[in-house]
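Participant: So you can see what is in the structure, the chains are spelled out below.
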Amino acid sequence: MSGIFNVVRFEVMRNLKKPSFWIAAVMVPIALAAYVAICGMAGYNMGDSLSGGVDMTDLEVAVVDDANYLQVFEIPQGDPEEQKTKTIAKLEDKEQAIQDVKDKKIDVLYYIPADFAESAKIEIYVKPDKSNILDDYSIPIRTALNLQASSQIPAIDLKIITGAIEVATTTYDATDDHEVDMSENINKIIAPIICVALFYFLIVVLGNRIIVAMTEEKENRISELLLTSIKPNDLVIGKIISLMILGIVQLLVLVVPVLIMINTDAISVVLPADLEISVNAVELIKYFAALLASYFFFTSACVAIGSITPTAKDANNYSGVIMVFMIVLPIVFMSVFNGEPTFMTYFLTYFPASAPLSILLRGIFGSLPTWELWLSVADLIAFGILCSYLGTYFFKRNAISFTSKINFKKLLGNPRKSWNK
Amino acid sequence: MVFADKTVIKDLSFDVKKGEIFGLLGSNGSGKTTTIRALLGLYEPTGGELLVNGKKFAPQDKIRIGYLPEERGLYKKESVIDTMIYFGRLRGLENPKEWSMNYLERVEMQDFAKTRVDKLSQGMQQKVQVGIAVMNDPELLILDEPTKGFDPMNRKLLMTIIEELHKKGSTMILITHYMEEVERLCDRILLLRDGKAKAYGTVKDVRKEFGGKSLDDIFVEIYGAKEVD
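These protein sequences, in sequence, are chains A and B. The first sequence begins at 0 in numbering that gives the first Met the number 0 and counts up by one. The second sequence begins at 0 in numbering that gives the first Met the number 0 and counts up by one.
Simulated from the structure, these hints should not be mistaken for lab results. Some hints could be false.
Claimed, not checked - Here are the simulated DMTMM-like pairs of lysine to aspartate or glutamate, each with C-alpha atoms no more than 25 Å apart in a straight line:
#1 A:K312 <-> B:E138
#2 B:K75 <-> A:E218
#3 B:K96 <-> A:D233
#4 A:K230 <-> B:D186
#5 B:K76 <-> A:D313
#6 B:K96 <-> A:D57
#7 A:K17 <-> B:D117
#8 A:K17 <-> B:E69
#9 A:K93 <-> B:D81
#10 A:K104 <-> A:D156
#11 A:K230 <-> B:E48
#12 A:K16 <-> B:E97
#13 A:K230 <-> B:E43
#14 B:K113 <-> A:D313
#15 A:K312 <-> B:D117
#16 A:K230 <-> B:D136
#17 B:K113 <-> A:E218
#18 A:K230 <-> B:E77
#19 B:K118 <-> A:E215
#20 B:K75 <-> A:D233
#21 A:K16 <-> B:E69
#22 B:K118 <-> A:E218
#23 B:K55 <-> A:D233
#24 B:K75 <-> A:D313
#25 A:K17 <-> B:D110
#26 B:K147 <-> A:E215
#27 A:K312 <-> B:E70
#28 A:K16 <-> B:D117
#29 B:K147 <-> A:E218
#30 B:K76 <-> A:E215
#31 B:K75 <-> A:D57
#32 A:K230 <-> B:E93
#33 A:K16 <-> B:E77
#34 A:K230 <-> B:D110
#35 A:K230 <-> B:E70
#36 B:K76 <-> A:D233
#37 B:K76 <-> A:E218
It should be emphasised that the depicted structure is a prediction, and the values quoted were computed from it without experimental measurement.
Please model the complete structure; the sequences and the hints are all you need to start from.
Facilitator: Set out below in structure tokens:
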């Protein structure tokens with residue numbers, strides 16, 4: 000037991016000391032924070048623009064309407080409760096009006112051409128010192144045209160056109176037939192979506208580190224020295240535990256900033272204001288268990304591959320096969336996860352290499368009953384343990400084979416008794 | 000000991016007495032390293048057994064074994080002290096850091112404690128490997144070509160360390176190609192050829208058996224001049 004503990008301590012500490020570990024770990028949270036910051040800044044600017052774009056209070060605004068279309072010249076401005084309005088002056092001569100803009104007598108001029116009914120195009124002229132490519136001077140005329148058009152359309156037609164129809168949908172849960180509302184459905188898929196993202200993050204960031212973990216000793220010719228200091232079982236188990244710990248550290252580095260953002264309401268910057276998301280804790284625990292079981296299986300499988308192959312390069316070739324099963328298969332057959340389960344659905348759910356993503360995708364489609372989720376978790380853990388056993392078995396036989404070829408005959412030959420178990 | 004269809008070690012039997020330095024000699028490919036790996040359980044022997052004090056050896060006997068393998072390396076990207084502490088902990092040392100610092104001082108490497116292994120010269124790396132092999136004050140120390148790649152000064156230092164451990168009562172198996180090391184250090188020797196014993200006994204007895212020849216000449220006689228390195 001102390002051997003396992005020492006391996007875990009060494010492996011975890013040396014990885015935590017590596018800058019590359021932290022660069023990979025903080026890369027996503029930094030990118031997320033940068034995105035939030037950019038959204039926040041853009042939202043602030045956009046907010047300014049949308050709430051009037053430019054402060055029009057002290058501006059002279061005029062329109063030349065050759066189409067004789069515009070009838071609304073008073074538009075609301077600023078806080079609706081203050082009921083302030085802005086008047087758009089009506090002029091007749093376009094050329095003179097443009098000259099007035101150039102002479103800074105008019106700040107903003109709107110020109111509605113005679114063919115406006117066909118072209119739906121308006122020209123805007125802004126006096127020189129007011130022009131700014133980030134400012135939106137079209138808001139007043141748009142508002143005026145909007146008010147005019149809305150007043151001519153029946154209220155219900157307007158709601159239909161603007162998509163303001165309210166919808167009440169009732170759906171039935173595929174797993175237990177109980178009635179669910181849409182918000183429940185949306186909140187249910189959040190947990191598997193989060194876990195899919197985290198699983199991809201883990202295998203991308205830690206995949207190579209896992210592969211290298213079991214080949215490093217062989218490539219550096221340390222295994223002979225090491226195996227006279229520790230039992231192979233303890234070494235392999237210690238490696239798997241340390242990789243699990245490193246995975247959890249990576250997850251915490253990613254999840255903690257998101258939780259902080261949620262608690263400080265910073266997340267609202269990137270989400271639509273009217274979108275209310277609540278993560279169901281029970282669902283999150285269920286899918287987080289599936290995520291950990293998936294990562295355990297992935298780690299164990301990579302450790303087993305690493306124990307067979309002499310170099311990390313060889314191991315990468317073989318782990319590519321697992322990646323195909325893990326990522327490509329569930330995506331290619333994604334349609335089988337939606338609706339009534341078929342043989343393929345069950346195969347992908349319980350075949351350990353394709354199970355991780357299949358479980359989470361079925362969760363997103365709402366076609367995974369809770370009992371099946373726990374069965375899949377048990378399935379992944381069982382296969383993970385089997386892979387750990389195979390990793391130990393192969394490592395014992397292959398730890399001091401420093402050649403570049405895999406000798407399957409030697410690996411799979413009749414086991415002989417050895418006293419150094 | 001059989002690999003695939005090839006018998007590497009056949010009908011080999013020898014004993015190593017407590018506190019002696021035992022020389023395991025032979026040309027390249029004669030089966031020395033394979034014999035040691037089978038004894039240590041790194042290879043699963045086809046047959047045979049290892050007896051310690053007349054009893055079949057089992058890991059739970061907790062004999063302190065030190066081993067310096069022929070194929071040796073270290074964690075290249077770790078510091079010297081971190082590597083030594085790790086192996087010290089695995090070998091059950093109570094204060095591996097203190098032991099390691101004392102050893103590094105002894106081999107004049109105290110200034111390299113925090114240096115990454117891949118920044119060290121080959122000779123320095125070997126000193127670290129020797130330190131790891133002897134750090135648990137081994138009852139049985141197996142050294143496979145311990146001076147390979149050492150300059151004369153470091154070879155002398157290593158010989159001194161071996162002699163000190165011997166005086167403290169360690170039993171040693173020494174695999175080497177250097178006959179002067181054998182004559183200086185070994186109490187008894189075994190010469191292997193093609194996995195079979197060709198000479199076995201005290202250095203004095205073996206020399207007597209071969210008509211008083213030097214160990215170098217005996218080596219040449221057994222393996223043939225062409226085979227000798």
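Participant: Are the hints correct? Go through all of them and say.
Facilitator: Hint check results:
For a cut-off of 25 Å, the pair hint linking K312 (chain A) to E138 (chain B) is broken: about 40 Å separates their Cα positions. Among the hinted pairs, K75 (chain B) with E218 (chain A) is consistent with the structure: their alpha-carbon atoms are about 10 Å apart, no more than 25 Å. For a cut-off of 25 Å, the pair hint linking K96 (chain B) to D233 (chain A) stands: about 23 Å separates their Cα positions. The straight-line distance between the Cα atoms of K230 (chain A) and D186 (chain B) is roughly 32 Å, outside the 25 Å bound, and the hint therefore fails.
For the hint linking K76 (chain B) to D313 (chain A), the alpha-carbon distance of about 21 Å falls within 25 Å, and the restraint holds. For a cut-off of 25 Å, the pair hint linking K96 (chain B) to D57 (chain A) is broken: about 77 Å separates their Cα positions. Restraint check for K17 (chain A) and D117 (chain B): satisfied, since their Cα atoms lie roughly 16 Å apart, inside the 25 Å limit. For the suggested pair K17 (chain A) and E69 (chain B), the alpha carbons sit about 30 Å apart, so the restraint of at most 25 Å is broken.
Pair hint K93 (chain A) plus D81 (chain B) does not hold up; C-alpha atoms about 82 Å apart against a cutoff of 25 Å. Straight-line distance between C-alpha atoms of K104 (chain A) and D156 (chain A) comes to about 41 Å, which puts the hinted pair past the 25 Å bound. For the hint linking K230 (chain A) to E48 (chain B), the alpha-carbon distance of about 19 Å falls within 25 Å, and the restraint holds. Under the criterion of a C-alpha separation no larger than 25 Å, the hint pairing K16 (chain A) with E97 (chain B) is consistent with the structure, at around 22 Å.
A C-alpha spacing of about 14 Å is found between K230 (chain A) and E43 (chain B), which places the hinted pair at or below 25 Å, so the restraint holds. Our distance criterion of 25 Å between C-alpha atoms is broken by K113 (chain B) and D313 (chain A), whose separation comes to about 32 Å. Between K312 (chain A) and D117 (chain B) the CA atoms are separated by roughly 20 Å; this keeps the pair inside 25 Å, and the hint holds. Restraint check for K230 (chain A) and D136 (chain B): satisfied, since their Cα atoms lie roughly 19 Å apart, inside the 25 Å limit.
Distance restraint check for K113 (chain B) and E218 (chain A): the Cα-Cα separation of roughly 23 Å lies within the 25 Å cut-off, and the hinted pair is therefore satisfied. Between K230 (chain A) and E77 (chain B) the alpha-carbon distance is near 22 Å, which keeps this suggested pair within the 25 Å criterion. A distance of roughly 18 Å separates the Cα atoms of K118 (chain B) and E215 (chain A); the hinted pair therefore holds under the 25 Å criterion. About 22 Å separates the Cα atoms of K75 (chain B) and D233 (chain A), which keeps this hinted pair within 25 Å; it holds.
This hinted pair does not check out: K16 (chain A) and E69 (chain B) have alpha carbons roughly 31 Å apart, beyond 25 Å. Distance hint between K118 (chain B) and E218 (chain A) is fulfilled; the C-alpha atoms sit about 17 Å from each other, no more than 25 Å. At roughly 23 Å between alpha-carbon atoms, K55 (chain B) and D233 (chain A) fall within 25 Å of each other, so this suggested pair holds. Under the criterion of a C-alpha separation no larger than 25 Å, the hint pairing K75 (chain B) with D313 (chain A) is consistent with the structure, at around 20 Å.
Between the alpha carbons of K17 (chain A) and D110 (chain B) the distance comes to roughly 22 Å, so the proposed pair stays at or under 25 Å and holds. Note on K147 (chain B) and E215 (chain A): the hinted pairing holds, with a Cα-Cα distance of about 24 Å set against a maximum of 25 Å. Restraint check for K312 (chain A) and E70 (chain B): satisfied, since their Cα atoms lie roughly 21 Å apart, inside the 25 Å limit. Between K16 (chain A) and D117 (chain B), the direct Cα distance comes to roughly 17 Å. Compliance with the 25 Å bound is thereby established for this hinted pair.
At roughly 20 Å between alpha-carbon atoms, K147 (chain B) and E218 (chain A) fall within 25 Å of each other, so this suggested pair holds. For the suggested pair K76 (chain B) and E215 (chain A), the alpha carbons sit about 11 Å apart, so the restraint of at most 25 Å is met. For the hint linking K75 (chain B) to D57 (chain A), the alpha-carbon distance of about 71 Å lies beyond 25 Å, and the restraint is violated. As the CA atoms of K230 (chain A) and E93 (chain B) are separated by approximately 19 Å, the hinted pair is consistent with the 25 Å bound.
With a CA separation close to 10 Å, the supplied pair K16 (chain A) and E77 (chain B) stays within the 25 Å bound. Distance check on the hinted pair: K230 (chain A) and D110 (chain B) sit about 33 Å apart at the alpha-carbon level, beyond 25 Å; violated. For a cut-off of 25 Å, the pair hint linking K230 (chain A) to E70 (chain B) stands: about 19 Å separates their Cα positions. With a C-alpha separation of about 23 Å, the suggested pairing of K76 (chain B) with D233 (chain A) holds against the 25 Å cut-off.
Annotation: proposed proximity of K76 (chain B) to E218 (chain A) holds, straight-line Cα distance about 13 Å (limit 25 Å).
Hint check: violations occur at hints 1, 4, 6, 8, 9, 10, 14, 21, 31 and 34; the rest are consistent with the structure.
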